[in-house]
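**Q** If you want the building blocks of each chain, they are given just below.
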Amino acid sequence: MRYVVAAGWGALFGLGLAISGMAQPSRVLGFLDFAGAWDPSLMFVMAGALLVFGSLRPWVVRRRGALFSSLTTPPSSSIDKRLIVGATLFGVGWGIAGYCPGPAVVALSLIHI
Amino acid sequence: MTSFVYSEALLGGVLIGVATTGLVYSHGRFAGISGILAGALSPSGRYGQWGWRAAFLLGLVLSGVVVRLVRPEWLAEGPVTHPLTLVVAGVLAGLGARIGGGCTSGHGICGIGRLSLRSVVATALFIAVGALAVAAGRFASGG
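Note that the protein sequences, when read in sequence, are chains W and B. FYI, the numbering used here numbers position 107 of the first sequence as 304, with every residue one higher than the one before it. FYI, the numbering used here numbers position 84 of the second sequence as 108, with every residue one higher than the one before it.
Fair warning: there could be bad hints in the mix.
Stated by the list, open to error - Output of the computed footprint for chain B on chain W, the stretches with three or more beta carbons under 8 angstroms from beta carbons of chain B:
#, region
1, 211 to 217
2, 231 to 239
3, 250 to 258
4, 278 to 291
5, 299 to 306
Unchecked claim - Covered stretches of chain W, going by a simulated chain B footprint (3 or more residues, C-beta under 8 angstroms):
#, region
6, 199 to 208
7, 220 to 228
Since the hints were derived computationally from the structure, they do not count as laboratory data. Glycine included, every Cβ here is placed at the ideal spot set by N, Cα and C.
The following block holds chain B by itself, in its conformation from the complex (with noise of 0.2 angstroms):
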């Protein structure tokens, strides 16, 4: 496990309130990326305007790229647990954001920066599960 360093997660966190900030500013929009996705996927439903969520989730990519090519320690080398439990994992977040109505940015970051109670009692709740269910993860491991 790598050191921690307080200066650069506080930094990323700027950068990533800076570009919700942003996002709200030109677009109107809130940069829940569950939310984004969501629309990006479904042209027609009631989310609409697919342009420029696919235009962020864009950006968001070729950041990726461009971090890998110059910084690839940034970036985990692949997903750290087998392809099944990846997909698992994946399906249950995607459900819940969808159903519980946002996401780490999109509660985490818009709705507690709104001061949004629902988007707080959110936070807390995913924050806790998420924590029971490393536990449990150890626990199983035997670790």
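Next comes chain W alone, as it looks inside the complex (with noise of 0.2 angstroms):
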């Protein structure tokens, strides 16, 4: 069962990147071109998220693992050379071809068998 319900909310992220245009690299390169047609998408894709998950989350942090509880190391939270490489490397992969690991797995599904 539990993996049935991490299949839901799988299922509901890859939806939900779907509908708001995410899962097309054109329109996330869209957002990271400041300087020319800028397409803010992104931005509300991410208010949209932050809205929902930003106000429950104080409440759902609380009751986390309900259903199906298991063991979490906290992450890191140290703002460190790690976390700027990181970043800055991740950068680079997006904004050449507008993928990040979300749309990439979601485009798996146009490999033609």
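Each chain sits in its own coordinate frame; assemble them with the hints.
**A** Right under this line is the structure:
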């Protein structure tokens, strides 16, 4: 059951990516194209996601793992060299092709079998 | 370039937010796709718990399959860049996400949603660098 629910969240996440246009690299690159024909879509996607998660977060974190609890290690909170290097590398890769992990996984569905 | 539609972007974002919130509620996990991918690819690694990750990713792919059938215009028709460029971009983004501890969903949504200054910095940085990369690409291609 825990796997069905997890898959359900994954499917909802993917649907959100698709509806928002973030599964299209051209839209993502359009957002990063500040100097050119700017497409603010991504900003609205993040706003929508943050609106929901941000407002529900205090409530949900208190009840985290209510159905299928699992041990987790708290993420690092330091702003260090690794963060800077990592975010920079990520930015370059993302800005080249307009793909980040989520849309890339969704794009696997485009592979012709 | 298709016209910009506020409502679809916002709606999609809301769905992503619901999925993110839901995963925290049911599994106590954060929907940072780079982390989920990394954990799924190393079953015995320090991330552990391969099952729910694989299931989440499967759901992600399946949603793409369904969307492709009913609303193919929501998806890209295929990579818009040269395959080699795509590989390089993927390696850089993947490496960066692993080193930096997150990607657009991990830092941009989960991290900022949790008011993590670290994630705010990471997100601002990769958006800025991404913008520079796009600008450089335009410059290089004479656009």
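**Q** Take the hints in turn and mark each one as holding or not.
**A** Evaluated hints:
Residues of the region 211 to 217 of chain W lying with their CB closer than 8 angstroms to a CB of chain B number 7, which satisfies the three-residue condition for coverage. Under a criterion of three residues with beta carbons nearer than 8 angstroms to beta carbons of chain B, the stated coverage of the region 231 to 239 of chain W is upheld, 8 such residues being counted. Chain B is given as covering the region 250 to 258 of chain W, and this holds because 6 residues of the stretch bring a CB closer than 8 angstroms to a CB of that chain, at least three being needed. Beta-carbon proximity to chain B at under 8 angstroms applies to 13 residues in the region 278 to 291 of chain W; the threshold of 3 is reached and the given coverage holds.
For the region 299 to 306 of chain W, the assignment as covered by chain B holds, since 7 residues bring a beta-carbon within under 8 angstroms of that chain's beta-carbons and 3 suffice. Counting residues of the region 199 to 208 of chain W whose beta carbon lies closer than 8 angstroms to any beta carbon of chain B gives 10, which meets the minimum of three for the stated coverage. Note: the region 220 to 228 of chain W has 6 residues with beta-carbon separation from chain B under 8 angstroms; the three-residue rule is met and the coverage holds.
Violation of the numbered hints given earlier is absent; every hint is satisfied by the structure.
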